[in-house]
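With full-length UniProt numbering applied, the sequence shown corresponds to residues 1 to 74, in that order.
Since the hints were made in silico from the structure, they are not lab data. None of the values given here were measured: they were computed from a predicted structure. Just so you know, not all the hints are guaranteed correct.
For lysine-lysine, the following DSBU-like pairs were computed, each having C-alpha atoms within a straight-line distance of at most 35 angstroms [stated by the list, open to error]:
id, residue 1, residue 2
1, K46, K19
2, K46, K68
3, K45, K15
4, K68, K45
5, K15, K68
6, K3, K19
7, K68, K19
8, K3, K15
9, K20, K3
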Amino acid sequence: MIKFNSKHLPELEFKNARKKPIVIQCYQMNEPFEVETLEGVLTGKKGDWLMVGIDGELYPCDQEIFDKTYNIVE
Numbered sequence: 001m002i003k004f005n006s007k008h009l010p011e012l013e014f015k016n017a018r019k020k021p022i023v024i025q026c027y028q029m030n031e032p033f034e035v036e037t038l039e040g041v042l043t044g045k046k047g048d049w050l051m052v053g054i055d056g057e058l059y060p061c062d063q064e065i066f067d068k069t070y071n072i073v074e
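Please work from the sequences and hints to get the whole structure.
Below, the structure is given as structure tokens:
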């Protein structure tokens with residue numbers, strides 16, 4: 001089995017890819033929370049986002065990651 005570590009990127013011919021512009025549902029939480037996800041129970045902090053994925057799955061998203069990845073759709 002090949003193992004990878006983000007501190008040492010492998011010398012592979014990586015391609016560039018852009019996330020598809022898929023609209024999902026999200027809610028900014030006003031208190032700490034736990035959510036049962038496909039990977040197990042994860043926690044979020046006050047200000048993090050509760051996300052509903054394209055298949056209805058729930059997951060938390062850190063505020064900093066949200067700001068880098070998402071724009072609110074009006």
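Against the structure, the hints come out as follows:
no.	hint	verdict
1	K46 with K19	holds (27 angstroms)
2	K46 with K68	holds (18 angstroms)
3	K45 with K15	holds (34 angstroms)
4	K68 with K45	holds (17 angstroms)
5	K15 with K68	holds (21 angstroms)
6	K3 with K19	holds (25 angstroms)
7	K68 with K19	holds (13 angstroms)
8	K3 with K15	holds (19 angstroms)
9	K20 with K3	holds (28 angstroms)
Checked against the numbered hints above, the structure breaks none of them.
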